[in-house]
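Counting in my numbering, the sequence shown runs from 1 upward without gaps.
Heads up, some of the hints might be wrong.
As the list claims (entries may be wrong) - Pairs of lysine to any residue residues, derived as SDA-like cross-links and limited to a Cα-Cα distance of at most 20 Å, are as follows:
{"hint": "1", "residue 1": "K68", "residue 2": "R78"}
{"hint": "2", "residue 1": "K68", "residue 2": "D39"}
{"hint": "3", "residue 1": "K33", "residue 2": "T95"}
{"hint": "4", "residue 1": "K68", "residue 2": "A90"}
{"hint": "5", "residue 1": "K68", "residue 2": "M108"}
{"hint": "6", "residue 1": "K68", "residue 2": "N54"}
{"hint": "7", "residue 1": "K86", "residue 2": "I35"}
{"hint": "8", "residue 1": "K86", "residue 2": "A42"}
{"hint": "9", "residue 1": "K86", "residue 2": "T37"}
{"hint": "10", "residue 1": "K86", "residue 2": "V119"}
{"hint": "11", "residue 1": "K68", "residue 2": "H104"}
{"hint": "12", "residue 1": "K68", "residue 2": "N48"}
{"hint": "13", "residue 1": "K86", "residue 2": "I63"}
{"hint": "14", "residue 1": "K86", "residue 2": "D115"}
{"hint": "15", "residue 1": "K86", "residue 2": "S38"}
{"hint": "16", "residue 1": "K86", "residue 2": "I65"}
{"hint": "17", "residue 1": "K68", "residue 2": "K31"}
{"hint": "18", "residue 1": "K33", "residue 2": "A45"}
{"hint": "19", "residue 1": "K86", "residue 2": "I51"}
{"hint": "20", "residue 1": "K33", "residue 2": "L102"}
{"hint": "21", "residue 1": "K31", "residue 2": "Y55"}
{"hint": "22", "residue 1": "K86", "residue 2": "E113"}
{"hint": "23", "residue 1": "K86", "residue 2": "D75"}
{"hint": "24", "residue 1": "K86", "residue 2": "L106"}
{"hint": "25", "residue 1": "K33", "residue 2": "N54"}
{"hint": "26", "residue 1": "K86", "residue 2": "M108"}
{"hint": "27", "residue 1": "K31", "residue 2": "I53"}
{"hint": "28", "residue 1": "K86", "residue 2": "Y58"}
Claimed, not checked - Pairwise CB distance ranges, derived in the manner of DEER restraints:
{"hint": "29", "residue 1": "N79", "residue 2": "L106", "range": "19 to 29 Å"}
{"hint": "30", "residue 1": "I112", "residue 2": "K33", "range": "30 to 40 Å"}
{"hint": "31", "residue 1": "I29", "residue 2": "L74", "range": "24 to 34 Å"}
{"hint": "32", "residue 1": "Y28", "residue 2": "E114", "range": "25 to 35 Å"}
{"hint": "33", "residue 1": "V99", "residue 2": "K33", "range": "33 to 43 Å"}
{"hint": "34", "residue 1": "E113", "residue 2": "M56", "range": "26 to 36 Å"}
Worth flagging that the hints you see were computed from the coordinates, not collected in a lab.
Treat the numbers as computed from the prediction; the structure is a model and nothing was measured.
Just so you know, even glycine gets a beta-carbon here, dropped at the ideal spot from N, CA and C.
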Amino acid sequence: MIKVTLVVGFLYLTALINSKPIVPIKDYIVKRKEIYTSDAPAPVAPFNQGIQINYMLYLSGQIGIDPKTGHMILDDIRNQTYQVLKNLEAVLNATGSSVDQLAHCLIMLTNIEEDYDIVNQRTPP
Numbered sequence: 001m002i003k004v005t006l007v008v009g010f011l012y013l014t015a016l017i018n019s020k021p022i023v024p025i026k027d028y029i030v031k032r033k034e035i036y037t038s039d040a041p042a043p044v045a046p047f048n049q050g051i052q053i054n055y056m057l058y059l060s061g062q063i064g065i066d067p068k069t070g071h072m073i074l075d076d077i078r079n080q081t082y083q084v085l086k087n088l089e090a091v092l093n094a095t096g097s098s099v100d101q102l103a104h105c106l107i108m109l110t111n112i113e114e115d116y117d118i119v120n121q122r123t124p125p
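Required output: the full structure, derived from the provided sequences and hints.
The structure is reproduced here in structure tokens:
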């Protein structure tokens, strides 16, 4: 019997695109842009890969799907983690950002006792 552990995703992730000067509220215009890239898997539910609002980027959750094949990585948590990080990096790159700009990341695991240390060994690609 093969035990399958799934990295549910980096459900909520915030990345700073640029640092810009603070402007008075009366001069503040909200610009919203939906983010899609073919270098990351298409969402499996009705949401965007990311939303950019002015200079903030909010990424949707990612799971270990290979965008080239459309198949889920099922062999082990290390490979799933690597694929999730590659997917997140692809969405960040599509906006001109990078993992160096991340401000917050939430990781959800199906088996935190076994997988926490393994997932945290991996640094972003």
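So, going through the hints one by one against the coordinates:
| no. | hint | result |
| --- | --- | --- |
| 1 | K68 - R78 | holds (19 Å) |
| 2 | K68 - D39 | holds (8 Å) |
| 3 | K33 - T95 | holds (10 Å) |
| 4 | K68 - A90 | holds (13 Å) |
| 5 | K68 - M108 | violated (24 Å) |
| 6 | K68 - N54 | violated (30 Å) |
| 7 | K86 - I35 | holds (16 Å) |
| 8 | K86 - A42 | holds (14 Å) |
| 9 | K86 - T37 | holds (12 Å) |
| 10 | K86 - V119 | holds (14 Å) |
| 11 | K68 - H104 | violated (27 Å) |
| 12 | K68 - N48 | holds (18 Å) |
| 13 | K86 - I63 | holds (10 Å) |
| 14 | K86 - D115 | holds (19 Å) |
| 15 | K86 - S38 | holds (12 Å) |
| 16 | K86 - I65 | holds (10 Å) |
| 17 | K68 - K31 | violated (31 Å) |
| 18 | K33 - A45 | holds (19 Å) |
| 19 | K86 - I51 | holds (18 Å) |
| 20 | K33 - L102 | holds (18 Å) |
| 21 | K31 - Y55 | holds (9 Å) |
| 22 | K86 - E113 | violated (24 Å) |
| 23 | K86 - D75 | holds (17 Å) |
| 24 | K86 - L106 | holds (16 Å) |
| 25 | K33 - N54 | holds (8 Å) |
| 26 | K86 - M108 | holds (17 Å) |
| 27 | K31 - I53 | holds (5 Å) |
| 28 | K86 - Y58 | holds (16 Å) |
| 29 | N79 - L106: 19 to 29 Å | holds (21 Å) |
| 30 | I112 - K33: 30 to 40 Å | holds (34 Å) |
| 31 | I29 - L74: 24 to 34 Å | violated (45 Å) |
| 32 | Y28 - E114: 25 to 35 Å | violated (46 Å) |
| 33 | V99 - K33: 33 to 43 Å | violated (20 Å) |
| 34 | E113 - M56: 26 to 36 Å | holds (34 Å) |
Hint check: violations occur at hints 5, 6, 11, 17, 22, 31, 32 and 33; the rest are consistent with the structure.
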